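J.: Listed below are the residues making up each chain.
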Amino acid sequence: MRVETREQDSVLILKIHGKMMGGPEATTFQETIKQHVAEGYRKFIFDLGEVDWMNSSGLGSLIGGLTTIKNAGGELKLAAVTEKIHSLFLITKLVTIFESYDTVDEALNSFPAGK
Amino acid sequence: MDSSPQSKDIPPAPPRTWAQRRIFRELSDALSAVRQEIRRLPSQSVDGDRLRTFEEQLDRLAHLLEHVEDVERTRLEIHLITQVALSLSNALDLDEVLALILDSVKQVVDYDAAGIFVLDEGGRVVVGEILRGYDTFASGKVRQKLGRGLMGWAMEHMAPVVVADVARDPRYVNARPQTRSELAMPLFTGGKVVGCFNLESDSLGTFTGRDADRLMTFASHAAVAIERARMHREILAKQRMEEELALARRMQLSLLPRSAPEVENFDLAGVNTPSEMVGGDYFDYIRLTNKDLGLVISDVAGKGVPAAFIMASLRASLRIEAVAHYSISTILYRVNNFLYESVEPERFVTAFYGVLDVPARHLTYSNAGHNPPLLLRRDGRRELLTEGGLILGAFPGAAYRESVVTFSPGDMLVLYTDGVTEAESPEGEQFGLDRLEEAAREVASRGARAVTSNLVRAVQRHAGQSNLQDDLTLMVIRCR
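Residue numbers (the working numbering), protein chains in the order written: chain A, 1 to 115; chain B, 1001 to 1480.
No wet-lab data here; the hints were simulated from the structure.
Given the structure is predicted, the values throughout are model-derived calculations rather than measurements.
A hint or two may mislead.
Some but not every residue of chain A turned toward chain B, in silico, with C-beta under 10 Å [stated by the list, open to error]:
id, residue
1, Leu-62
2, Gly-65
3, Leu-108
4, Ala-113
C-beta: ideal position from N, C-alpha, C; glycine also.
Make the full structure from the sequences, and use the hints.
T.: Shown next, in the form of structure tokens:
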């Protein structure tokens, strides 16, 4: 798992590559999100288009990220959710929890304009 | 007494260095005194030629003395190095070996302060593993960021540094106020730096290139000791992890039912086949009344001890709530809140819980984010039991809906965890629901036990046994 981070219109976009699973990478990922929240970011997009595999621990990472962001009063949107991940969301009923968009641009536009 | 075979190889008693040094010093003092006495003799009373011969002989004597001292010093070095090598082959304690090395070096290259520093796992910090003469670091181990000071230079350039006057060297970082000169030697094994040997002196120009040469063998022994200790720690850590996994496995097993209950109208079977990595799979039968039987299958996200621990929490809370409350929605609502309070949000549980009304052949159930069980109808239809709500333990206050299905004789419910359907073939193809249904129907007439066994075999065949990453957990409820 590799994470590429960029900022656009005060939204932090995290593009995740590779396998999303448990272990030290997942811990680092949680730390990174906490760090960004501490830096003051409140609007996040996780771009999942390059995630080629995800297990239940990977799903746990998404939930952990969402919890951290929501607890700080922030918002998280998902973009480019693959079919495989979508079917995981269906089984776990997480479709009702995560707001997801086909593209990063659509996710960006869904944030209200201005601050 | 150590009676190991090595003791026979211990070299003869060490030279008594302190006494020896005194003898050398006294001999050379005596030589100088004789020279001075000769110079003081009135010149007319001495034959010039005889005096020169006498002085030449004195020179030879002085030279011989230096040579003998050198030989003795080398003998001492060899003796000490042999001792260090022996301790290296006997002792496993790193500090013990490094202490012996430091104290041995003291007899060969005199110092006022010395330390052996070890690069820690991340390679960013050196830790003073063993120290002599640093008052400021009297207690505990010293940690110092890598890349600074003479040690930093020596490790970065993989070469020893001898500095005659530290005050004139810009690389020097003051760690000990009295220090005037210093010698730093990197320690490496297999071309990789593992630490640094550091000697400091309160006098200017104490150390020479010759001292650096002398230190080399001691340094290589220290490097071997450090590397060996690291490998030993790794083996211990691996052992501990295996023990923990075995413990988690025992814990998990002790919480699973040993056998399926005998009930009218139904034939039940359950199985858990462990993988190398212990998972948090759980299945259970809970007797609620003389006609109602609770059925549960669940999977904890993650592996190892934490997963086994959460599984135990889930089991305890579900068993308590299942007996205390009638409504399945309420039971899952309460279990979800309990788990939410007990575990981190990134750890969650998927679970399917149902109550089988045995005489009426009804199953009332709710699915909390678990892989939907397959209801295989006798006439060939397949239904997925998806009604329910969110995974457990991740979000507080989630609501769970219930649904009811009715069995007819010959119908069969197959409950499973994702280890079954997601088992991959060497080509990367998942086992999937179609294979699951096929393997279940194939032997359905032979009873629930035959179905679970056939399913486990089918998954193992599909994945190749060594390829299974996850526990396989299955329950089969077949209506007679």
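J.: Please go over all the hints and tell whether each is borne out by the structure.
T.: Each hint tested on the structure:
1. A distance limit of 10 Å between C-beta atoms decides the matter here; for Leu-62(A) the minimum to chain B is near 8 Å, and the interface restraint holds.
2. Residue-level restraint check for Gly-65(A) holds (minimum Cβ-Cβ distance to chain B is 8 Å; threshold 10 Å).
3. At a threshold of 10 Å, the smallest CB-CB gap from Leu-108(A) to chain B is about 26 Å, leaving the interface hint violated.
4. Annotation: interface hint on Ala-113(A) violated; nearest CB of chain B at approximately 29 Å, more than 10 Å.
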